[in-house]
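Visitor: Chains as they are written, first to last, in our numbering: chain L, 55 to 337; chain E, 85 to 344.
Treat the hints with caution; some may be incorrect.
[What the hints assert, rightly or not] With beta-carbon atoms standing in for the labels, derived distance ranges:
(1) E:HIS270 with L:ALA222: 50 to 60 Å
(2) E:HIS270 with L:ARG172: 18 to 28 Å
(3) L:ALA147 with E:HIS270: 34 to 44 Å
[What the hints assert, rightly or not] Derived contacts from chain E toward chain L, CB cut-off under 8 Å, selection only:
(4) ALA133
(5) LEU135
(6) PRO153
(7) ASP156
(8) ARG165
(9) PHE167
(10) GLY179
(11) LEU183
(12) PHE186
(13) GLY205
(14) TRP208
FYI, nobody ran anything at the bench for these hints, they're computed from the structure.
Cβ atoms here follow ideal geometry from the backbone N, Cα and C, with glycine treated the same way.
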Amino acid sequence: MTLPASTAKGAIGPAPALDAPASPAPARRWSTGGLIGFALPFILALIWEASVRLGFSNGRLMPPPSRIGATLWDLAGTGELATHAAATLWRVAAGFGLGAAAGTALGALSGASQVMRRIMDPTLQALRAIPSIAWVPLFILWLGIFEASKVALIAVGVFFPVYLGVAAALSGVDRKIIEVGRVFRLSRVQMIRRVTLPAILPAWITALRTGLGLGFMFVVAAEFMGASEGLGYLLVDGQQLGRPDRILAAIIAFAVLGKLADGLLVVVTRPLLTWQDVGRDRL
Amino acid sequence: MLHIDALSKTYADGNKALDALDLTIGTGEIVALVGGSGCGKTTLLRLIAGLDTATSGQIRLDDAVISGPSADVGVIFQEPRLFPWLTIDDNVAFGLSHLSAFEREGLVANALTRVGLSGHGHRWPRELSGGQQQRAAIARALITRPRLLIMDEPFSALDPTTRQSLHRHLLSLWDESRPTVLLVTHDVEEAVSLADRIIVMRPNPGRLHEEFPNLLSRPRDRMGTGFENLSRSILRSLDQSLKPAQKPAARATAGEAAWW
């Protein structure tokens with residue numbers, strides 16, 4: 055334990071103002087850091103744009119930013135972008151919901167009970183070792199070519215990080231803090247509600263964020279397998295039509311949607327984590 | 085009155101932490117346990133707190149046998165062990181969930197004032213210094229008005245200035261409801277300044293070695309001759325307790341010859 059600076063300097067008496075710890079380090083610097091982070095892609099885009107305009111490159115396979123922007127604008131104007139984005143978002147939402155629920159439930163069982171962990175964990179770890187894309191043919195046979203197989207694939211991708219995160223967090227809850235609950239004679243249900251759940255909340259939210267990121271990875275794979283709409287379909291479509299600008303527009307849309315979804319998760323869960331000591335400004 | 089009869093604890097690995105320990109502590113008495121590591125001090129506290137079960141023997145608080153955590157026993161650990169997701173107010177009120185919000189607020193405000201933390205109730209534990217966190221932990225343990233308070237080296241992680249101010253806070257709180265207090269410490273000065281009776285324990289297996297009544301009047305002057313003499317006697321006894329070859333001065337029984 056570190057001593058507060060004022061006490062270490064020999065402050066007399068326990069005056070609260072004197073032995074209060076230093077306030078957390080100033081965290082405003084990240085905003086400038088964020089702006090600096092935009093500089094490199096912006097300069098690269100400018101260079102690329104200039105090299106196409108000046109005739110160093112014809113920009114056919116690597117369209118300049120202005121053409122990608124125009125394609126995005128067109129897609130947005132015709133309503134295509136919204137349709138594809140909505141289809142993708144729906145699939146991610148459904149797959150994420152199922153995967154996160156299953157991952158949380160099984161992770162809780164495995165983390166709370168030694169017996170359940172010995173029964174379930176080896177099987178789940180073995181399943182985890184299978185590249186999830188390998189399930190695609192089987193899912194198509196079982197669930198058909200339409201939505202169900204796509205949602206199932208995304209759910210599989212989301213499941214594992216959530217399962218692992220919840221199980222590890224539960225088995226790692228500090229014994230000392232559980233003992234305080236025991237001293238206050240909490241029942242099993244009270245212990246879960248008042249001690250265990252709040253204790254694993256940060257790890258659970260991190261696991262959900264990892265799961266959501268994987269959900270966006272898997273939706274691309276899912277939409278490669280015979281979709282008629284969705285941003286993944288837009289990628290395939292761009293390749294078949296020889297339109298790299300459409301591919302890049304879809305990639306940008308993916309990046310924006312993924313970041314927005316993650317940001318939404320952070321904003322929704324932030325009030326639950328205000329007590330945390332570290333990393334608040336980085337979330 | 086706390087009665088401990090022939091209490092033994094042998095862990096699963098065969099380690100005999102406590103061997104047939106007898107101890108009686110009067111109501112409102114403050115008793116300090118000192119001793120080297122491995123003499124079973126913490127084991128004894130965990131058994132009284134109901135966090136572990138004894139291999140044999142019995143603990144009774146007045147007439148009730150203690151077999152698990154009890155509302156009559158408050159515990160203060162070596163670390164504050166506050167819940168980081170609760171404000172100081174909610175941490176202190178943790179054991180009061182059966183009361184109405186109004187009653188809770190009144191009790192918590194009063195308890196925080198008494199440990200010198202009024203105005204800090206809305207803060208998170210991480211915003212408080214180590215000493216302030218431990219004061220909040222003391223308030224949390226005392227707010228339910230336990231008849232017995234057990235403390236496991238509660239001030240060992242704090243600097244001397246903070247420690248002394250917490251001693252004063254603790255004594256003034258104790259004076260209000262006069263619970264029985266059992267304190268484990270490795271700081272002899274702390275034991276002499278707080279306790280009415282100091283018990284030296286000896287290890288392998290854990291037993292009582294020698295006990296010292298403390299008749300010094302409060303507040304106790306750390307520089308006084310009586311204080312220093314008592315501290316020296318306890319330190320000497322502690323030294324002896326760690327040497328298995330020497331026969332302990334008091335409480336030696338025939339059975340003890342066997343282990344060394």
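Visitor: So, for every hint listed, does it hold in this structure?
Guide: Evaluated hints:
A C-beta distance of roughly 35 Å is found between HIS270 (chain E) and ALA222 (chain L), which places it outside the suggested range of 50 to 60 Å. The given range of 18 to 28 Å is broken by HIS270 (chain E) and ARG172 (chain L), whose C-beta atoms sit roughly 40 Å from each other. Between ALA147 (chain L) and HIS270 (chain E) the CB atoms are about 58 Å apart, so this pair departs from the stated range of 34 to 44 Å. Look at ALA133 (chain E): its Cβ gets to within about 6 Å of chain L, closer than 8 Å, so that hint holds up.
For LEU135 (chain E), the shortest C-beta to C-beta distance to chain L is roughly 6 Å, which falls under 8 Å, so the interface hint holds. Hint on PRO153 (chain E) holds. Least Cβ distance to chain L is approximately 5 Å, under the 8 Å limit. A hinted interface residue such as ASP156 (chain E) counts as satisfied when its beta carbon comes closer than 8 Å to some beta carbon of chain L; here the least separation is about 11 Å, so the hint is violated. Hint status for ARG165 (chain E): holds, given a least beta-carbon distance of 5 Å to chain L, under 8 Å.
Interface hint status for PHE167 (chain E): upheld, as the beta-carbon distance to the closest one in chain L is roughly 7 Å, under 8 Å. At its closest, the beta carbon of GLY179 (chain E) sits 5 Å from a beta carbon of chain L; the interface hint therefore holds under the 8 Å criterion. For the restraint placing LEU183 (chain E) at the interface with chain L, the shortest Cβ-Cβ distance is roughly 13 Å, beyond the 8 Å limit, so the hint is violated. The interface hint given for PHE186 (chain E) is broken, as the beta carbon of that residue sits about 21 Å from the closest beta carbon of chain L, more than 8 Å.
Interface restraint check for GLY205 (chain E): the shortest CB-CB distance to chain L comes to about 12 Å, outside 8 Å, so the restraint is violated. Interface restraint check for TRP208 (chain E): the shortest CB-CB distance to chain L comes to about 5 Å, inside 8 Å, so the restraint holds.
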